[in-house]
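Chain R: place on chain L using the hints.
Protein sequences, first through last, are from chains L and R.
Numbering-wise, the first sequence is residues 143 to 635 according to the working numbering.
Numbering-wise, the second sequence is residues 143 to 635 according to the working numbering.
Derived from the structure by calculation, the hints contain no laboratory data.
Certain hints may be false.
Chain copies aren't distinguished; within one or between two, either way the pair holds.
[What the hints assert, rightly or not] Simulated crosslink set (SDA-like; lysine to any residue; CA at most 20 Å straight-line):
#, residue 1, residue 2
1, K288, L569
2, K357, R244
3, K148, G522
4, K148, R192
5, K453, L541
6, K288, G299
7, K220, T421
8, K453, H549
9, K400, E548
Quantities reported herein were computed from a predicted structural model and do not represent experimental measurements.
2 protein chains.
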Amino acid sequence: MLMKLKRNHTIPLYQQIIDEIKHLIDRGALKIDQPLPSSRKLAEILGVNRTTVNHAYEELQAQGFLSSRPGSYHKVQKRRKEVDYNPDRKSLISWKGSSTDRARQIHEMFLRYSPEHPPSVTTRKDTINISRLDLDPRLFPMTEFKRCTNSVLCLSGSASLLYGDHKGFFPLRELIAQRLRLHGIAATSEEILITNGAQQAIDLVCRIFIRQNTKVAIETPTYANVLPLLQFVGADIAAIPMTDEGMDLNRLDAVLSKEAVSFVYSIPNFQNPTGITTTHEHRERLLTICLKHKVPIVEDGFEEDMKYYGKVPLPIKSIDEGNIVIYLGTFSKVLFPGLRVGWVTADRDCISRMTALKRFSDLTSSPFNQMIMHEFIRNGYYDRQLKRLHRVFRKRMQLALAKMDEHFPEQTPWTKPAGGYTIWVTLPKRMDEVRLHDHMLRHGVVVSPGSYYFPNKKVSGHFRISISRLNETEISEGIARAGKALHQMVTGG
Amino acid sequence: MLMKLKRNHTIPLYQQIIDEIKHLIDRGALKIDQPLPSSRKLAEILGVNRTTVNHAYEELQAQGFLSSRPGSYHKVQKRRKEVDYNPDRKSLISWKGSSTDRARQIHEMFLRYSPEHPPSVTTRKDTINISRLDLDPRLFPMTEFKRCTNSVLCLSGSASLLYGDHKGFFPLRELIAQRLRLHGIAATSEEILITNGAQQAIDLVCRIFIRQNTKVAIETPTYANVLPLLQFVGADIAAIPMTDEGMDLNRLDAVLSKEAVSFVYSIPNFQNPTGITTTHEHRERLLTICLKHKVPIVEDGFEEDMKYYGKVPLPIKSIDEGNIVIYLGTFSKVLFPGLRVGWVTADRDCISRMTALKRFSDLTSSPFNQMIMHEFIRNGYYDRQLKRLHRVFRKRMQLALAKMDEHFPEQTPWTKPAGGYTIWVTLPKRMDEVRLHDHMLRHGVVVSPGSYYFPNKKVSGHFRISISRLNETEISEGIARAGKALHQMVTGG
Numbered sequence: 143m144l145m146k147l148k149r150n151h152t153i154p155l156y157q158q159i160i161d162e163i164k165h166l167i168d169r170g171a172l173k174i175d176q177p178l179p180s181s182r183k184l185a186e187i188l189g190v191n192r193t194t195v196n197h198a199y200e201e202l203q204a205q206g207f208l209s210s211r212p213g214s215y216h217k218v219q220k221r222r223k224e225v226d227y228n229p230d231r232k233s234l235i236s237w238k239g240s241s242t243d244r245a246r247q248i249h250e251m252f253l254r255y256s257p258e259h260p261p262s263v264t265t266r267k268d269t270i271n272i273s274r275l276d277l278d279p280r281l282f283p284m285t286e287f288k289r290c291t292n293s294v295l296c297l298s299g300s301a302s303l304l305y306g307d308h309k310g311f312f313p314l315r316e317l318i319a320q321r322l323r324l325h326g327i328a329a330t331s332e333e334i335l336i337t338n339g340a341q342q343a344i345d346l347v348c349r350i351f352i353r354q355n356t357k358v359a360i361e362t363p364t365y366a367n368v369l370p371l372l373q374f375v376g377a378d379i380a381a382i383p384m385t386d387e388g389m390d391l392n393r394l395d396a397v398l399s400k401e402a403v404s405f406v407y408s409i410p411n412f413q414n415p416t417g418i419t420t421t422h423e424h425r426e427r428l429l430t431i432c433l434k435h436k437v438p439i440v441e442d443g444f445e446e447d448m449k450y451y452g453k454v455p456l457p458i459k460s461i462d463e464g465n466i467v468i469y470l471g472t473f474s475k476v477l478f479p480g481l482r483v484g485w486v487t488a489d490r491d492c493i494s495r496m497t498a499l500k501r502f503s504d505l506t507s508s509p510f511n512q513m514i515m516h517e518f519i520r521n522g523y524y525d526r527q528l529k530r531l532h533r534v535f536r537k538r539m540q541l542a543l544a545k546m547d548e549h550f551p552e553q554t555p556w557t558k559p560a561g562g563y564t565i566w567v568t569l570p571k572r573m574d575e576v577r578l579h580d581h582m583l584r585h586g587v588v589v590s591p592g593s594y595y596f597p598n599k600k601v602s603g604h605f606r607i608s609i610s611r612l613n614e615t616e617i618s619e620g621i622a623r624a625g626k627a628l629h630q631m632v633t634g635g
Numbered sequence: 143m144l145m146k147l148k149r150n151h152t153i154p155l156y157q158q159i160i161d162e163i164k165h166l167i168d169r170g171a172l173k174i175d176q177p178l179p180s181s182r183k184l185a186e187i188l189g190v191n192r193t194t195v196n197h198a199y200e201e202l203q204a205q206g207f208l209s210s211r212p213g214s215y216h217k218v219q220k221r222r223k224e225v226d227y228n229p230d231r232k233s234l235i236s237w238k239g240s241s242t243d244r245a246r247q248i249h250e251m252f253l254r255y256s257p258e259h260p261p262s263v264t265t266r267k268d269t270i271n272i273s274r275l276d277l278d279p280r281l282f283p284m285t286e287f288k289r290c291t292n293s294v295l296c297l298s299g300s301a302s303l304l305y306g307d308h309k310g311f312f313p314l315r316e317l318i319a320q321r322l323r324l325h326g327i328a329a330t331s332e333e334i335l336i337t338n339g340a341q342q343a344i345d346l347v348c349r350i351f352i353r354q355n356t357k358v359a360i361e362t363p364t365y366a367n368v369l370p371l372l373q374f375v376g377a378d379i380a381a382i383p384m385t386d387e388g389m390d391l392n393r394l395d396a397v398l399s400k401e402a403v404s405f406v407y408s409i410p411n412f413q414n415p416t417g418i419t420t421t422h423e424h425r426e427r428l429l430t431i432c433l434k435h436k437v438p439i440v441e442d443g444f445e446e447d448m449k450y451y452g453k454v455p456l457p458i459k460s461i462d463e464g465n466i467v468i469y470l471g472t473f474s475k476v477l478f479p480g481l482r483v484g485w486v487t488a489d490r491d492c493i494s495r496m497t498a499l500k501r502f503s504d505l506t507s508s509p510f511n512q513m514i515m516h517e518f519i520r521n522g523y524y525d526r527q528l529k530r531l532h533r534v535f536r537k538r539m540q541l542a543l544a545k546m547d548e549h550f551p552e553q554t555p556w557t558k559p560a561g562g563y564t565i566w567v568t569l570p571k572r573m574d575e576v577r578l579h580d581h582m583l584r585h586g587v588v589v590s591p592g593s594y595y596f597p598n599k600k601v602s603g604h605f606r607i608s609i610s611r612l613n614e615t616e617i618s619e620g621i622a623r624a625g626k627a628l629h630q631m632v633t634g635g
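Chain L extracted, bound-state conformation (with noise of 0.2 Å):
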């Protein structure tokens, strides 16, 4: 048997080993049937060590390659030769058709929102992203996160990597309940569901809770990646306008008096995109108009912690007597959205409902991540970072608005958010997204177009900026070129 095997190469010796075998089974040179030489005897002929001969033997066994008796020599078993990859190998089947219409449409949202969109504008080199709603990796505290991994796999080892609770690992929710008792919701862990990210529960609750031939309630503009799960599961949209105080109630109130509404979705802190925060009455207000009505209200706290001016109401939740708000949390957008730990709370009917689809759409969230973040909270870490992203947010937000009131026309008016991470700026006129984009991508910024936090535009007269992910210096810098590009707007440039 002729080998030729490269030493030191990246591909491994018994991997060679099962590569030339199968090349000289293809081309004829060992026959089938034809017993192959001891593992001993290759070995000594390769000189390799003779385990990495078992090694391949016991491969090509597995793959079919060879038979083995035991106490016998491996022999040449007749099978089909492997497929090679053919790139232009076509479907017979149409998945374009045999998906459904609204899967069809789901992947047309997709693409939409896809940032590998080819630019139709050359991008600068020093392109400053002001659009991304994710946070600074640069203020993650990763020396705390080391050690609670660690902890968690020290205390509790294997037991972190079996399948978990299908309600999440429970101290986590005891810590999560304790928590909500802090901006003054009384849950219990029996009302709550951990999930992957504050999605899925929104996904959870668009598959359990809309019924047919009901539209769902949400204020436009709205959190982007929530319109294309309406339209997924094929629930009509009443379409609230957002006023500088939140959802307009007036019309809310109209439209519940006149149609069927499975729920009510609604952000009342920093909402995003406009960054505007509900008042307390203003809440209550909501709150009499759904118990009036009796629809339920899905409440995003999705930015609940990140109220760093100290001033905001507590949540519609936290006066929820009659028990018909889903309010949904993470902890994504002040940690480690890789995680993906979020948490539904709820009545506890509602909950197990939740519990029963999470259960068959993927088993369990990760046991393993959330024992570590239910170490990192109980380590007082999540608190201190809280602190930290105050303190640094305070500064950024702040600099942010000055330097929109340094740079931006007046005709270009901004939202001045309480807290969280977004700004919503009024164009002086209507713009297609792409056009937009398009623009600002010239001045080496940007920004995220307010058509997609509506339903069914392409155009609009608004995007959102996010101070999330960007230091003050690219806050500022970033901010100066938007203002430029508006100003060449303004003057019809």
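For chain R alone, coordinates are given in the frame of chain L:
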């Protein structure tokens, strides 16, 4: 201000201060607009660190109990009383009525499968559970896992904790593509989507490819967790009986000729629950039939790597030249299910549709967990683990089958799996699932009632054994006990 703080208590000092001040406000001992002592002064009075008091003041401010202007004292602020938890609080909405019919059904399925169901007989302390299909955690290579976790944190740091690629961590997809070639499957990383275990992949397939007024063809019995999903998306089931050789292909052909079917779901290796493995010829014929009718096959390869007898044919996907097979894989049956890493490979168009829905249903799978898995495979630990498992389970399966020969009556035949973990036992007569469960429990053993694996059945003439979680002593004893229970059944006890 009179406060009693408990030193060395589990409630941290700052939290005690918060609680005390809230209590004073609630009692009216502190009035609206009343200024509080400076943090320095209160720290002196209480004999605590000043930062502890500052921490408490900040929290109270964030929660709206105190107001403050820079340079000025903290004052008590007007606000609502914190809601106490009322366990008897009733929801003014009927969540049962608000959720869809299908949500109600899936909830019933959930309760039925939940182990919390109180058994009607007393459970023996030394009960042996031979029902669970999850891997024995004593076989987890924890040292290697810790090493990989540390490498990821050292090498990638905060990048491992960001939102990730919607398709999954690219280097892991590359490694999976490489491993799939070992099974004769030629796929590129672009044709792979990482999911939260294979279960999420099944959910995505159901949501995207089940069209209105079509059926889904499944083996009966089949994987229990797929049945509630099919019901949830409203798919009618075309039940194709399992024969000793696998799905009855004549029946399948007849069904596909008459009915509109969205896809055929099949588990060709060590089928769950029967343990039956199909031959290469069976796989070819299944593929030919589906090609003829242009119906996709969803091939669940959840135990592809557990071919420890080395005589199992390659996956259907390996001969899928028409690209009509959606292949599901997972690491959860040989490694750490708690990491929740599975994948799906299929035609690019198909994968890109699934990726779109994955994005909107939970954004991304945890990059941290994916990176650890990548590191684990890259270091050769995965291959080493496979070898070890093969050695261990070859022995355990042989032992299980020998013990069944010894203890089971001849009137209750069972399958002889070529790998994997499950064995399917046929009873002398059909039995209600609760009665069967209780009968076995009385003999100190838990088995998985066969009815779980058939659509809409609570009675069946089978049960499933799984040896994945038990060592040799437990297998011997568990099977001996089940044997006693069976003998009693046969003699009409």
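**Contradicted hints - numbers only** = Structure breaks hints 1, 8, 9.
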